[in-house]
Amino acid sequence: MKFLRMKPGHGEVLIAEGDVELREDEQRLVEEFRRQLDAGMWAAVPLDGEGRRTAQLARTFAEVPRDAERVIFFPRAAGGR
Amino acid sequence: MLLALAATALVVVALLWEAATPRVTEALERRRARRQIVSAPDYDPGRERRAEARARQLLKSCVNDEEWAMYRDLGFVRVWGMQAERPGGHDAASGTPYAYLIYPHKPILAYLPQTGRLLNEYCVAFPDQTRPYGSARLPDSDDVLAKWMALTGDERRLIATANLHLPGRQLDPRQVKRDLWRLRQWERERARGESREGEPRQAPAGQ
Numbered sequence: 000m001k002f003l004r005m006k007p008g009h010g011e012v013l014i015a016e017g018d019v020e021l022r023e024d025e026q027r028l029v030e031e032f033r034r035q036l037d038a039g040m041w042a043a044v045p046l047d048g049e050g051r052r053t054a055q056l057a058r059t060f061a062e063v064p065r066d067a068e069r070v071i072f073f074p075r076a077a078g079g080r
Numbered sequence: 000m001l002l003a004l005a006a007t008a009l010v011v012v013a014l015l016w017e018a019a020t021p022r023v024t025e026a027l028e029r030r031r032a033r034r035q036i037v038s039a040p041d042y043d044p045g046r047e048r049r050a051e052a053r054a055r056q057l058l059k060s061c062v063n064d065e066e067w068a069m070y071r072d073l074g075f076v077r078v079w080g081m082q083a084e085r086p087g088g089h090d091a092a093s094g095t096p097y098a099y100l101i102y103p104h105k106p107i108l109a110y111l112p113q114t115g116r117l118l119n120e121y122c123v124a125f126p127d128q129t130r131p132y133g134s135a136r137l138p139d140s141d142d143v144l145a146k147w148m149a150l151t152g153d154e155r156r157l158i159a160t161a162n163l164h165l166p167g168r169q170l171d172p173r174q175v176k177r178d179l180w181r182l183r184q185w186e187r188e189r190a191r192g193e194s195r196e197g198e199p200r201q202a203p204a205g206q
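Each protein sequence line maps, in turn, to chains A and B.
The first sequence runs 0 to 80 under numbering that gives the first Met the number 0.
The second sequence runs 0 to 206 under numbering that gives the first Met the number 0.
What the hints contain is simulated information worked out from the structure, not anything from laboratory work.
Please note that a few of the clues may not be correct.
[Stated by the list, open to error] Stretch by stretch, here's where chain A covers chain B in the computed footprint (C-beta under 8 Å, at least three residues):
| id | segment |
| --- | --- |
| 1 | 44-52 |
| 2 | 61-68 |
| 3 | 136-146 |
| 4 | 156-168 |
| 5 | 176-190 |
[Said to hold, decoys possible] From chain A, some residues computed to sit far from chain B (all C-beta separations above 12 Å):
| id | residue |
| --- | --- |
| 6 | 0 |
| 7 | 16 |
| 8 | 17 |
| 9 | 18 |
| 10 | 21 |
| 11 | 22 |
| 12 | 23 |
| 13 | 24 |
| 14 | 26 |
| 15 | 29 |
| 16 | 31 |
| 17 | 66 |
Glycine included, every Cβ here is placed at the ideal spot set by N, Cα and C.
Let the hints inform the model, and build the full structure from the sequences given.
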């Protein structure tokens, strides 16, 4: 599983990578997930459907599907002008 | 007499010095400030272009082929509304299919595809307050992807976060109508292309 973060002036950045089946990796991913959400990010998992693609927003690491290849972090939405 | 004049001159010079010192100091400081080099993150067009190219690849990998082609060709993405009742819809048209147009760094526009009626503008932004290169603004395609993920992932949450406005506040309704017309043409052309691909090819005459 890869954690990507959108970044102004750069595009996405790989911030963490690991195998959720390995306990150490999973722990590291959980901590990074929390850190990103605490920093004001939203987390989304792109999903493949039949013809239609969607995303799933995850508020905790437990909500991320175990087989997800990547989680994309992006700044939390705010009401614009 | 001479002594008195000298003493008077000294007093006058001292008084003038007292009065002029703050002005002189201020002028010197102002001059120094003007000459000082202010360190600000430089705008690098190459970096912005690379960022946008990376963001386009990420967007392409997340949305489906039709949505990607739509963004590439038309500059916006249409996302179908998923709520049983469209947001803010309590009139006769309530319950009809609705959709959103996502433009980069512009409000999300809700409309009725059947009639082309524009419903609302949802002003939403994704500012990155860490400002890694001095700006909180994501690349265009990242902004589109963030809106797309938020809409398809949790439409209600995004709509509740956005500031609601009537159509025409930021997006020119005439431009949007033109975009909807372009979208219809584009879809027609695409459908024609797909049906041509599906047809069995005719053998050339004489064979």
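Here is how each hint holds up against the structure:
| no. | hint | in the structure |
| --- | --- | --- |
| 1 | 44-52 | holds (count 6) |
| 2 | 61-68 | holds (count 4) |
| 3 | 136-146 | holds (count 6) |
| 4 | 156-168 | holds (count 5) |
| 5 | 176-190 | violated (count 0) |
| 6 | 0 | 15 Å, holds |
| 7 | 16 | 16 Å, holds |
| 8 | 17 | 20 Å, holds |
| 9 | 18 | 21 Å, holds |
| 10 | 21 | 25 Å, holds |
| 11 | 22 | 28 Å, holds |
| 12 | 23 | 28 Å, holds |
| 13 | 24 | 23 Å, holds |
| 14 | 26 | 25 Å, holds |
| 15 | 29 | 20 Å, holds |
| 16 | 31 | 16 Å, holds |
| 17 | 66 | 16 Å, holds |
Violated hint for the displayed structure: number 5, the only one.
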